[in-house]
Every structure is written in structure tokens, then in C-alpha cells.
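K.L.:
Letter by letter, the chains look like this.
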Amino acid sequence: MLSRVADSIYWMNRCIERAENYARFMDVNISLSIDLPRDLPEQWQPLVRVTGDDILFESQYGEYSREAVVEFLTFNRNNPNSILSCLTQARENARTVREIISSEMWRQINELYLSVKDMTMKRHGNLSDLYRDIKNGTHLFNGIMDSTLMHNESYHFANLGRLLERADKTARIIDMKYFYLLPRIEDVGTAIDLLQWSALLKSTSAYEVYRKKYGGMDFRNILELLVFDREFPRAIHFSLLEADRSLHAISGAPVGAFGNAAEKELGKIIARFSFNDVDDVVHHGLHEYLDDFQVRLNCLGEEIFHTFFNQVH
Amino acid sequence: MKDLLQSYQSDGFYDEVFFPSGDVRPAYRSFINDLQAISLDELRAKQHAAERTYIARGITFNVYSEGEGVERTMPFDLLPRIVSAEEWSGIERGLIQRVRALDAFLDDVYGKKLVIKDKVVPQEIIESSSGYLKACEGIHPPRNRWVNISGIDLIRHSDGHYYVLEDNCRVPSGVSYVLENREIMKRVFPGVFERTHVCPVNTYPLRLLEMLEYLSDVPEPNVVVLTPGIYNSAYFEHSFLAQQMGVELVEGRDLVVDNGVCCMRTTRGLKQVDVIYRRVDDESLDPQVFRSDSLLGVPGLFDVYRKGRVVLANAPGTGVADDKVICAFVPDMIRYYLHEDPVLPNVPTYLCWRPQEREHVIANIEKMVVKESGQSGGYGMLVGSASTRAQQEDFIGKIRKDPRNYIAQPIMALSRVPTLIGNGLEGRHVDLRPFILFGKEPLVLSGGLTRVALCKGSLVVNSSQGGGSKDTWVLSNAEGSVDHA
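Just so you know, the sequences run in chain order A and B. First residue of the first sequence? That's 1 in the working numbering, and the numbers climb one at a time after it. First residue of the second sequence? That's 1 in the working numbering, and the numbers climb one at a time after it.
Calculated from the structure, these hints are not laboratory results. Treat the hints loosely; a few may be bogus.
Unchecked claim - Covered stretches of chain B, as calculated for chain A (at least 3 residues, CB under 8 angstroms):
hint, segment
1, 50–60
2, 87–94
3, 257–266
Remember, predicted model here, so these are calculated numbers, not experimental data. Note that CB positions come from ideal geometry on N, CA and C, so glycine has one too.
Construct the complete structure from the given sequences, taking the supplied hints into account.
P.N.:
Written out as C-alpha cells, the structure reads:
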């Protein structure tokens, strides 16, 4: 397929997945602000910190108020990663590959974009409903893609973009815990600490899975599920393994070996998750471990770009 | 709708639906019968549903003059324009004849130039045309076909006859609206199509692909559609046609000339391209030959084309036939090349290049439509009756300065079709753009784009000037409509 088309499909899916995950970020905080004891101040800064756009935020807003953060992460067109910006980019990408994707896919991304844009203009309505609609809208898109797009090269580029973005965003959601402040150091392990962890689980649709698999709240088990699980579809490890399958489906090289620089890079990242456990994370430091992972993901993105999208002939 | 139809006024114009007596023309009887049975509210709900569908399907074009990211849908009116089978067969004959003559003219004008030697079209008119490309002289495009895809704009005058307003032999657009309008109409009026035999239009992409493949010597050629990109106002159509044909949509940056052939960049390296349905202007095709600042084309493409290693459809150079001055000579070309009388007459045209006609135009400018010969899309024109004296003086100045570049036509009373406006039906002026494919033989799509000037009294139907569209039904039986008991 055309390199430009592969590039557009990859980014269309990254953007949609990003929009979904931002909706999940917002959801965590909205539910936290409901659950937390009344005397604790709402914490909105961690949301922006975790997206890495805090400098941009501070150049446009004063303090990290609920209104400012909601606006910045959801509707702000000057924030290239806001939900509306992501959906705009996804739609622009979709528009350049309209003849490749199914018309149902185009229609779904178009309608999702229009509904969020509409909300921007009206600026009223229930935010929780909005984020739920965005999640449902992106799920619907993924479902439509799964059942209407040929599972050939275009599908695998789509899947690659979607799953790498998901791995990155799950890492950031976990990292959010690092930025959440506890009232006192001895609050670790207390009700508030656990409330924050369960909010993170809920935001990744992992709460029920966790309860079934592990029962009581435990920090190590939560990391086990969100980072290392091979079966939970939003776990980092799972996402990378699936991305790897698609990457190899594109080249035809067997999984476990590599035929190009992108496969080599992803293989190295996966090896780390396959042969690490929670002890290694704790030893390394959670925030540092995740940070390191994100740097590697960026390298992988560059290798994908050079391998498929910008070959020099 | 019964009372609305009864109170509808033709205002002395040729009305496509009603005889001057108020009786319904045969082609419309079945549809008007159905229309009478529904209420205004229902019709408006249908209209609303159709408009929503356009937005949801993203059938939009970009408007640049109004700031970033302004997307518009082409306004669509539900009440169709219906053409009887008998009337259509005349139109079809006229179009086929015209396209044959245009194709023969292009082959001649870039080849032996007999049309000049025999003094049918003056040499200075051809050589001064901005669409005439010296680089195309001596080129024989594949199968010797130049005008592979054309759209010819027709109007119906108050005398009831069709006239040719202009030819579009470069990159005519609008066919996607023909197909999409029909899809939406089928959804909005499902029952009506069961009672009225309307010729289908949905085979167009298949016919287009067959025609493009015919142009290549390669068995199973690799066909692509070349678009200027998503910021082009017709981008929707480019992607629509690529999708419907099942071929790649490429931009200039996807193509590269390698080893004397044209290739596209894929995730697995270069792949040869055999046929390019290009929706990029001649001047932007190849920066090495034409406009050097263009980023839309492919460096070296023209050379590959000249050597016959890639097909470009339409052939570069067809723009000379779109020149409004040269258009005036098409009836002569039909007589010259085909030895036939034209079936479809031109709208009478005065060439300001001829001193006598120029003075006539200037003296009667308030009764004329003056047009720049190289412009299209409703730009660069003056409707005498709807202009101020100052605007007229301005055009007179332009005509005197550059007479070659101006033509004038009497203001034609375009026919009208009832259109849903607010809470009622009002007559609005329409034209008709049928589409013709020309590979082995000319093939006319049984339908076309009916453009409607939605502003009251306006004669300008271009979408860039506030025009909308209607579905065009060509009936398939001789009676004009199917009787229903």
C-alpha cells in the first residue's frame, strides 16, 4: 500500500486511541472528585502533568482549576493533544484515506468529531456523559473497523497505531498515581491511597477484572495487571504483544525474529516486559520505569516512520 | 402538497414540470401524483433528513475565502428534474456528436492542424488560448483519445430547446453528486422509484474504470486517481471515485519517476503506475515542463507520458477546447470533422475579438452576459441586467483592453423547476451537466448534475456562487412515465 496511506491510517488510529484515553483520564478525576472526602482539595494538575503538556497549559491558563483543565484537555484547539484536536486530526487523516477505509468507518469518525465539536460550541451538558460518549464512540469505531476493514496491511497499520498508543497511555495513567498527592506520607496504604488506585483501575476498565483475579486492593497486584498481564487488553504487555503481531504481519517475518529496524526495536521493548516483574519496577522506581519505557516507545515510533512511511529510494 | 402545487406560478418562464396551461408534463405525472399525497411537513422532514445525511457522510467541499476549515455541503433540493426518454435520446445524440468533434479537433490541432489550414478556426485564436499547450504538439495519446471524461453544460431556453453553454474537457467535476444525490433520493422516496422507471446511474464508476483500462496496452493495468489533496474543493469526489473504482488515490508526492516509468511509493517499495486519472490541472502536472513552482505534480511525468509509458486521462492540452472563444466554433467543427449538422446548438455567442461583434456587445451590454474566455465556475462574468452602470463600464474597459479574452451571450431565460423554498414551492432556474466517457466509443451517463440557482431570480447556478443541486431522472420508457392504475 502507499506509504502515505499507511502513515495516515496509523495516525488516524493513534489519534482516536489518544482521544479515548484522554476521556478516560478525565473520567478518573471526575469520579475521584466525587469519591474523595469533602475536605480534600480536588487535584487537577496531575492530569496535565501526565500528558506532558504542562508548559503549554501554564502559558494559557493561570491555575489548575477544574474548568481550565477540562477545557484544555477536551476542547482546546491550541492543545494539539486535546480530545477535539485528536478527533480533528483523526478525521483529517481519515479524509485522506477515505477510499481505503470502509465508508462506515469514515462515517463513525465524522459523526464522533461533529458531536464533540457541537458540544464545544454549546459548552453545556453533562461532562461524564460526554466522556462516556467519546469512549463508546471510539469503541464503536474500533468495532466497525474490525468487522468492515479487510484484515490486511491497512488493518495491521491501524492496529499497530492503536496498540502502541494504548501502551503509552496505560503507562501514563499508572504514572498519574505518581503525581497524585497524598495528604500525609503515612497515608500510603490508607483508604485515600486505595481510592486513587481504584479510580485508575476503573479508568482503564480494569476494576472488575482486578477484583475477579486478585480480590483485595494491593499496589503490586495492580501493577501486575496493568503492566505485565498478557491477557488484559489494556495492559502494556498485552498491547505490545498485539502490536508486534501486526508489525510482523506487515513484513511477513516470523514473530520472535526481526526483518527490519522497527521489529528489532519493538522486540527489545517486549523482551523487557517478558523478563521483568513487579520487583524490577519497584527497584527501578515506578515513575522512572515508565519514563524509560516512553523514551523507548518514541524511538520505536521513529523506526516505524523510517521503515514504512519515509523510505529513501 | 396538493394546494401548494395548485398555487405554484410559472411566471412566464419555461417550466420543466408544468405546461403554460398548468397541466403537468407527461414525464412528471407519476412523481407529481406521489407528491400530492404527502404533506408539506413530511416533505420538509424528508428535506431535513437528506441534508443531515450529507453532513454525516461528509459530502462536503472546502471554502477558502471564509477562513480555515470551513466546510460546506452543496445545498440539495429534493424535487427532481425529470427528462423523458425521448428528449434524452436527442440530448444523448447531440452530446456524442459534440464529444467526437472535440476529440477530433484536439487530435488535429496538436497534429496536422488542418482545421487551421482549412480556415475553420483562426490560428491566432488557438495560439492565444491559455489552454493551448505547445508541449503537446506532435503527441499521440493512447488510442488517440484526448477527451476521455467530459461534462457539457446545457440549458433549456424559453423556446423549449436545449443549448450548449460550455464544454468542460479538462477535469469536470460533479459526477459524485449525481451518484450521491440518487442514493439519498432512493432512501427518501423509496416508493416513487418503484413506480417511475428511472435509469440507474450507479454503474458510472465501473464504466469509468473500464474506459481507463481500455486506454492502456498493459494487461490489468495499475490505475490510480491523482488528486491535488484534501484542500481541493473537489477532494470528496476524487476519493469517492477512487473508492468506487477500487483503485489507489494518490497525491503528487506519492508518485516518482524512476527508470523511465512512473511509480508510486508503497510500504514495500516502488510500484509502477500505468494509468493516471488525473484531477490536477495541466499546468500543475509536471514542474519540469509547466509551472515550476507547483508541488502538486510529479517531476518528469510529462516525459514519461510523451514516450507512451503512462496514460494521462484526460490528455494534457484539452484546455484549449474549453476556451469560450473556441467553444463558439464547435458547431463548425462538427460540420468540418463529422460532416453532420449539430444536434445541439450553442448559446448564441458574440466574440469581442471581432470588431463588429465587439461594438454590438458594448452597445447592448445591459442585455448581455459577458464572460472571460478562460474562466469557469461563475467567476469573471457580468450579467448585464443585474449589474450597475459602473460595473458595466468596468467590463467595457476590460473588453477594449483585451478583446480576445471576452465573449458575450444574450441573457438566456433558463428553464425553471419547482424548488422547496421556506414554506412553499417556487420556480428556480436550472442548467444540466451530463457526463460523457470516451474510450472506444462515447458513452453518456443517463443522468447528470442539475444545478439550481437558489437565489430568487438568479441565473448563476455555480456552487461557488450559491447554487445547489437536484437529482436528475432520465426515464427509461418512451411514454415518459409509467402509468399506474
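K.L.:
When the structure is checked against the list of hints, which entries are broken? Sort them ascending.
P.N.:
2
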